[in-house]
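Asker: Here's the letter readout for the chains.
2 protein chains.
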Amino acid sequence: MEFLLNNNSQINPAGLKAIAHMPTTSLGVLMDEGYTQRLSDKDFMRIAVYLAEKSYHEGGCPIGAVIVDNKTGRIVGKGHNTLVQESHPYNHGETAAIRDAGRIDFSQTTLYTSLSPCDVCATLLYMRGFGRVVVGDVTNADGNENLLREKGIQVDILEDMLGIELYARFRAEKPHQDMEDWQGMSAVNKT
Amino acid sequence: MEFLLNNNSQINPAGLKAIAHMPTTSLGVLMDEGYTQRLSDKDFMRIAVYLAEKSYHEGGCPIGAVIVDNKTGRIVGKGHNTLVQESHPYNHGETAAIRDAGRIDFSQTTLYTSLSPCDVCATLLYMRGFGRVVVGDVTNADGNENLLREKGIQVDILEDMLGIELYARFRAEKPHQDMEDWQGMSAVNKT
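From first to last, the protein sequence lines are chains A and B.
For the first sequence, this note's numbering begins at 1 and goes up steadily by one.
For the second sequence, this note's numbering begins at 1 and goes up steadily by one.
It is possible that part of the hints are untrue.
Pairs count within a copy or across copies, as identical chains cannot be separated in the list.
Taking lysine-lysine and the DSS-like style, the derived pairs with C-alpha atoms no more than 25 Å apart in a straight line are [unchecked claim]:
1) K42 with K174
2) K71 with K174
3) K151 with K174
4) K190 with K151
5) K190 with K71
6) K54 with K151
7) K17 with K151
8) K54 with K190
9) K17 with K54
10) K54 with K71
Quick caveat, the hints were computed from the structure, so don't treat them as lab data.
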């Protein structure tokens with residue numbers, strides 16, 4: 001049992017949640033290659049949703065993202081919205097995960113986001129040359145999937161009900177925070 | 001002499017450079033209201049250029065930005081590109097200054113950038129409702145000024161030769177770093 005998550009481990013919420021919360025650079029002490037290789041699109045999306053849930057419990061906006069290397073299947077970046085936590089006016093799930101990944105070539109990676117990307121994040125995704133983007137919620141927001149496809153990115157929709165319900169709950173509870181996150185404080189002040 | 005920079009101080013490079021390097025939240029101990037009120041568009045642009053110079057000396061991309069409250073004339077955010085310094089794949093001058101300013105209403109502010117904004121930064125500028133943007137270099141890059149104007153932002157061009165020469169020197173010295181900053185590592189790997 002060199003690793004908590006190994007080839008014999010069941011893939012379950014406890015493991016995926018631990019992956020979401022573990023710093024990316026330390027994931028190698030949590031799980032071995034055998035476990036990593038068995039993670040599916042659905043599992044990576046669920047990790048993004050657990051990151052969204054982490055943000056929600058911190059009082060933040062519940063949106064998370066995970067970036068996976070297509071060849072190795074390893075997570076190379078992940079993160080969640082930090083509007084509240086860092087008083088950060090534009091750090092969304094996608095920007096957080098890209099910041100976490102650092103200066104890598106994103107063309108051979110897939111980004112999983114728990115919510116459809118905003119204009120800024122969509123622009124960043126094509127400016128950084130992503131090869132594939134998987135979107136976990138086109139119910140609470142949508143629209144930029146077409147822009148990404150026009151830019152040559154493979155876009156897949158893989159809705160995760162846990163994330164969709166969480167975001168809908170957040171939006172009902174904190175409509176101003178939701179609006180600030182999308183359109184900035186200037187839009188909130190106009191209401 | 002309660003302040004190093006006061007109503008009697010000449011506005012010169014030493015003072016503007018000190019402002020560029022001083023943390024934003026500490027600017028109130030460096031200069032008084034009388035000095036602050038006399039700063040012009042040209043001075044704020046030069047502060048953005050000194051931030052670009054700071055980044056250049058750190059081995060980074062020489063692009064800086066300053067955000068000023070239109071009513072008070074106070075600097076509420078500033079920063080420079082940190083691609084190299086933070087291994088940050090998209091932190092440009094504008095994003096750095098906006099992050100520094102935090103969760104404020106940007107509609108009553110002006111952003112001074114030493115270089116014409118990229119697609120991501122231009123998108124962020126209108127998504128965060130900026131009222132006015134002043135661009136210090138449309139020689140080394142340009143194009144998104146029209147997009148900003150279409151979105152209702154007042155855009156003024158105020159070229160600063162110190163910044164333009166600095167950016168041209170950087171681009172000649174480190175063409176790959178320049179390309180990575182605009183198009184990401186995937187574009188560099190294709191060359």
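Asker: Confirm or reject each hint.
Answerer: Evaluation of the provided hints:
In this assembly of identical chains, K42 and K174 lie within 25 Å of each other by CA distance neither inside one copy nor across copies; the values are 28 Å within and 41 Å between. Taking the closest pair of Cα atoms, K71 and K174 never come within 25 Å of each other, the shortest separation being 40 Å inside a single copy and 30 Å across copies. For the identical chains of this complex, K151 and K174 are neighbours neither inside a copy (34 Å) nor across copies (27 Å), given an alpha-carbon limit of 25 Å. Only between protomers do K190 and K151 lie at most 25 Å apart by alpha-carbon distance; the minimum there is 17 Å, versus 34 Å within a single protomer.
Proximity of K190 and K71 under a CA criterion of 25 Å is satisfied inter-copy only: 18 Å between copies versus 47 Å inside one chain copy. For a Cα distance limit of 25 Å, the shortest separation of K54 from K151 qualifies neither inside one copy, at 32 Å, nor across copies, at 35 Å. With identical chains, the CA atoms of K17 and K151 are never at most 25 Å apart, being 33 Å at best within one copy and 41 Å at best between copies. Taking CA atoms no more than 25 Å apart as the test, K54 paired with K190 passes in neither setting, with 30 Å inside one copy and 37 Å between copies.
In this homomeric assembly, K17 and K54 come within 25 Å of each other (Cα to Cα) only inside a single copy, at 9 Å, whereas the closest approach across copies is 41 Å. In this assembly of identical chains, the alpha carbons of K54 and K71 never lie at most 25 Å apart, being 28 Å within a copy and 38 Å across copies at closest.
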